[in-house]
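Asks: Take a look at the letters that make up each chain.
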Amino acid sequence: MTATARTSVVFARMGDPEAHQLDRYVATDGYEALRRALAMTPEQVHETVTTAQLTGRGGAGFGTGQKWSLLANTYPRYVVINGDESEPGTFKDRQIMERDPHQVIEGALITAYAVRATRVFLYVRGEMALAQERVGQALADAYAKGYAGDNILGSGWSMDVVLHWGAGAYVVGEETALLESLEGKRAFPRIKPPYFPAAKGLYQQPTVVNNVETVATIPWIIRNSGETYAALGAGRAPGTRIMCLSGHVNRPGNYEVEAANITFRDLLFDPSLGGGIRNGNQLKAFIPGGGSAPWFFEDQLDLPLDPGPVGAEGSMLGSGAVVVMDDTTCAVRAAWNLVRFYAHESCGQCTPCREGGSWLEKIMFRIEAGEGRLEDLDLLLDVGDTIAPGPFPHASWPEKGLAASPFPYKMTTICFVGPSAVVPMHSALTRFREEFVEHINHRGCPKGSAHR
Amino acid sequence: MTDTSAEQKTTVSMTVDGRAVEAVPGEMIIAAAERAGTYIPRFCYHPRMRSVGMCRMCLVEVVGPRGPQLQPACYVPVAEGQEVITDSPAVKKAQDGVLELLLINHPLDCPVCDRGGECPLQDQTLTFGPGETRFVEEKRHWEKPIPLSSLVLLDRERCIQCDRCTRFADEIAGDPLIDFVGRGDHTEINTFPDQPFASYFSGNVVQLCPVGALTAEPYRFKARPWDLEQVESTCTSCSVGCRVAVQSSGNRITRRLGIDADPVNQGWLCDKGRFDYEAVNGDDRLRAPLSRSGDTLGETTWGEALGKAADALAGARDRHGPASIAVLGGARLTNEDAYAWSKLARVVLGTDNVDCQLADGLPAEVVLGLPHATIDEACEADTVVLLTADVKEELPVLYLRLRGAAVAGATNLVELSATTTGLTRYATTSVRYRPGEAAEAARQLVAGGAVTGDKVVCVLGRPSLAEQPDSVIEAAGVLLDAVPGIRFLSGLRRANVHGALDMGLAPGLLPGRVAAADDGGWFAGAWGTLPETEGLGAAGILEAAAAGRIQALVLLGADPLADVPDRDLAQRALAGAGFVLALDGHLTASSRQADVVLPVVLHHEKPGTATNLEGRVTRLGQKITPPGSSRPDWMVAVELASRLGGDLGLETLDQITDEIATLAPAYEGITRAALAAAHDGLLAGRDDASAHEAPPTMSSAEHPEVHAAAALGETDIVASEPIAVRETPEPAAAKPPTLRHRPAGRTATPPATDSYSLRLVSSRALYDEGTLVQHSPSLAHLGRGAAVRVNPAELERLGVTDGAQVRVSSSRASLTLLVAVDEGVPRGVAALDYNQAGPGAADLIDIATAVTDVRVETV
Ligand SMILES: Cc1cc2nc3c(=O)[nH]c(=O)nc-3n(C[C@H](O)[C@H](O)[C@H](O)COP(=O)(O)O)c2cc1C
Ligand code: SF4
Ligand code: SF4
Ligand code: SF4
Ligand code: FES
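Chains as they are written, first to last, in the numbering used here: chain A, 42 to 493; chain B, 837 to 1695.
Isolated chain A, as found in the complex:
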């Protein structure tokens, strides 16, 4: 495995700071894939994406071609592009939208063509001002030059793209909450079943929801063929994907990698990627797939970035966000910070998430602040068990004889936000229980305020 031999698919234009301009985009094969797709039948386009074995980059990792084929056979039907990126640690969609917005629009149009959609909606997170500006300008230019709107590229096929700016709630990233928000309502996730977007989506019509990165990959696939893309990596999810590397590494940033060909160790330590832990410190833990993914540790460093083994080891690749914690990190505080995020972002709809998440947060804060009680540790696990009953995923710990509990979990909530508040608590408490006990016995954080 060599991490340095990397193919740029989505990030091919990142060397060009002006790639967001239409002429620069067109000069680098831009809209060529759309032209080719329009010369194919929608079924052929769909088939190409299926052959590429492209999987969703929004978090769930569902096969994109397979998702498209689930669409109920009624019209109107919609394509919705999820640009609400807000999973802690994730910052790839923003870069794509800011730096290469036409690629997103082109991918969205090809998707719409392939699934015979009536309209495309592109939902951009509220806080992403530059992305909104760039996507807005790009779409206006695309309309002006006949890449969007009526009779696209003289093909006789027309498609409108509607832009929508979010209002700043994490939960909108959840696809059914996003659809509610698009409909002008409060972003309450819908209950599945029956509200699978492919069956009853936007305005109760069949809807494809795809992530920004997912559709940004499609133009390359159309230009280079599905087989070529599928050959770009091993494992259950071939191709490239962008890993958002953050935390205590020397070289944080977005890296496009042939994911299944490299390991977490490559990602964290390869000089062309993470470049090792900052200040020569030791690795303490890392989150392999966004804030809602159970934590990994030293023992998992040699796992490939492949959903199969990662799931079996108790976590997920999720949104591709890897957050690294070195040994200066207070496990209690780090976990509390994440619990606080999910508790705060709970839409408030269902009791276990609304009340349970904030209770977890309060208990963990109390422990961190030196007011913990030993019985709080079992209480944390028990409250967690109300939100996500039964065996909860965690990594193995061979040294202590702990076997991995595979991903995913059961839940009493409507969506995954509730259990996401359990995840960091559970990971930290399973692996670093003695740190919790130390907090309780020391009436506070032994690391003092240095780590804050």
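Keep in mind that the hints were calculated from the coordinates and are not lab data.
Note that the coordinates shown come from a computational prediction; the quantities given were computed from them, not determined experimentally.
Check each hint, because a few of them may be wrong.
[To be verified] From the structure, some residues in chain A lie toward chain B, with a derived Cβ separation under 8 Å:
#1 186
#2 388
#3 390
#4 430
#5 437
#6 449
[As the list claims (entries may be wrong)] A few chain A positions that, by computed beta-carbon distances, are all more than 12 Å from chain B:
#7 56
#8 64
#9 65
#10 81
#11 104
#12 205
#13 275
#14 293
#15 295
#16 343
#17 352
#18 387
#19 402
#20 441
#21 474
[As the list claims (entries may be wrong)] Pairwise CB distance ranges, derived in the manner of DEER restraints:
#22 B:925 - A:441: 27 to 35 Å
#23 A:479 - B:925: 32 to 40 Å
#24 A:475 - B:873: 45 to 53 Å
We treat Cβ as the ideally placed atom computed from N, Cα and C, and that holds for glycine.
Place chain B with the ligands on chain A using the hints.
Replies: Then chain B with the ligands, alone, in the frame of chain A:
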């Protein structure tokens, strides 16, 4: 199972905890399990609203391909072969867990909470919940309680975010004025900035709230549930006849709650119906008879007052003839009261000058003689033609039903109205007609193909009091010709006006929807005598009184000065009548001018029956004893009869109910026993539609407060003793037929307006100067005031701004009123709510003219 049996099968076979259950396709597990005797705890679920699956209290295990999975029972529909587990450790753990989470931030101020004692959270905690709390942190705090409107307050600390109130406001009431705000554990219910929850139906959310988060201003801290006694009854604040549970404590009505009568109100009430019991409790109730000496009314004894009244009536009858006596009103009465007065007038007083309407409705033969429709028939009709005043203002819960049907796509509303109404936005077709031109509009509607389908129902009422009803009746005739199978649902609003009409309180009419002309000796035989000539209706009575031809005028809960759409005529009539006897619960403008005022009992103080706008007869419950020496109206009739040397042959209330069932043709079969057995009442005169006998749908969890009182054993209703029907001798003659009417012919078209005049439209808003509203402190201030509403273009023409003062003049009067701009009022029309505070429409209208034109000018 073979193919054929699958085809025939109309139920779904499933198991609940291993027991076989037959479920209705499409229903949710929670409902099927409950019917089978397994109660699954719940907070957000409500059978009359969309399931949201939010509280997660109802989690049960449903066995799927991957083994048992926790699923919300309120959200997962039943399925063939489904296995549901409600008693496993996993289910118990989930339910315990959810309850614990609901309680961690709950203030637990049960001792001072209105809901304490009838609280699903309290109850389910006892049944399903954990024993002690593990929550040591500071609970969430909110300012306690905040007003959502002047009637409803919210304590956000108690709220469990079940979405019931918000769903009701949005889905059922169509007033999405409350919603969730914030997120996480700081999610709260609130109104939008500067927009109170000013819904006519706001009180329902108090009843729906599964905790004490929502409280009603009139009830707050008034009683503890375990002190409340309860009786079932019918709301008589309008003619919809919603079923209610009336609760009292210490001989005061403390609360009125909606009961789920499937064909009528389905659990809902309007705020007027929910809260105007305050008027019954009021300290300003009449407690003793009043008698006039000179300019003042002074308290007197019943003996004195009845004697004086009897003398006046006898004097009039004997000296001036029976036609010099008139009886006005009766819509406040029970059917039994109305029957007794109908009989008294015909048999003892000898007069047919009786009218329960005050020239503000429709002729009796139109109301009674057209084919009747039920509310359910309207909600299931292909087309509902609205030819009545604003249903939202006048018949609020009928509005809810029709709106619900329209939103669900179950029916098409086609509206013919002079201005925009509450239902306009739900109508598929909405046509504005100029007052006086309804018939022409109906012709165009029919010609345009808007009235489609086999099942057509017309809601027929009095669209405007500033327009004589002839053209509206003609329009009904047009519809009848165009759609032979059409049925009519009365839009007349006043309380028991349909019962009073059914009891014959209209000229030329006898009880049970019999035209006097068709009697054929039936009532003449049973009653002994009948007046020879047909009497006068309200307008004729008032004119005769004004002309000095009425020597004795009886007001049965009627207030002509407020209700007759011609105040000048009403005033002249009261002045011109020789003697005025008023029977009332409160003094009104009119009864203040009477010679004798008799205090009578109001609803909830007497048993009896009432008939709603469908012709549905239901039982009224007595909950409290009346103030002072008040008596029921029927008793007054019986006593007057004997003082006048007659005998009505009526000694007890039950006897009257029995006599109605025996003699009144449309009430055949509506016996006390049948009424006692019919949860949703019985339809009079409709042998074709006895289908609506659905079992009670109310479940204890949906309306715990109703059952909380029921558990105290106080739910029984009117007659609890064994029902022994005293035989009323049947007359020799054959039972007469019930009335059939067919409006026919063209009426004269009203004069065209000149270009300076606007045609007046006037109907009632929910909150007006009516007696019950005005004597209910919580409602009295809610009237929107008398402002003349005109199209923006008219305002521009006048050169005045919204809210300015203008002069509004008719042939009768010239008033200074505020003007309000209203896009819903077409050009050429001026709208003015009827019976708001101060001078208003009643002063402008001349009952003798077909339409009222007004000039609106700057002052
Ligand atoms: C709580 C939650 C948050 C999510 N946030 C995002 C997000 O920010 N962006 C995104 O694309 N998908 C997000 N998802 C995943 C989406 O629901 C959905 O699966 C995805 O947009 C589908 O696109 P894909 O198939 O291309 O991945 C989130 C899911 C959950 C449960
Ligand atoms: S799990 Fe949390 S975010 Fe998801 S629906 Fe429930 S309350 Fe909302
Ligand atoms: S106020 Fe009551 S009805 Fe409304 S959401 Fe809260 S608990 Fe439910
Ligand atoms: S709609 Fe009429 S009957 Fe029903 S509650 Fe309101 S006033 Fe009473
Ligand atoms: S989730 Fe079923 S009752 Fe609330």
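Asks: A separate judgement is required for each hint: does it hold in the structure or not?
Replies: Checked hints:
no.	hint	verdict
1	186	41 Å, violated
2	388	6 Å, holds
3	390	5 Å, holds
4	430	6 Å, holds
5	437	23 Å, violated
6	449	12 Å, violated
7	56	40 Å, holds
8	64	43 Å, holds
9	65	41 Å, holds
10	81	37 Å, holds
11	104	20 Å, holds
12	205	20 Å, holds
13	275	29 Å, holds
14	293	29 Å, holds
15	295	29 Å, holds
16	343	31 Å, holds
17	352	16 Å, holds
18	387	4 Å, violated
19	402	9 Å, violated
20	441	27 Å, holds
21	474	19 Å, holds
22	B:925 - A:441: 27 to 35 Å	28 Å, holds
23	A:479 - B:925: 32 to 40 Å	34 Å, holds
24	A:475 - B:873: 45 to 53 Å	51 Å, holds
In terms of the numbered hints stated before, the structure departs from hints 1, 5, 6, 18 and 19, listed from lowest to highest.
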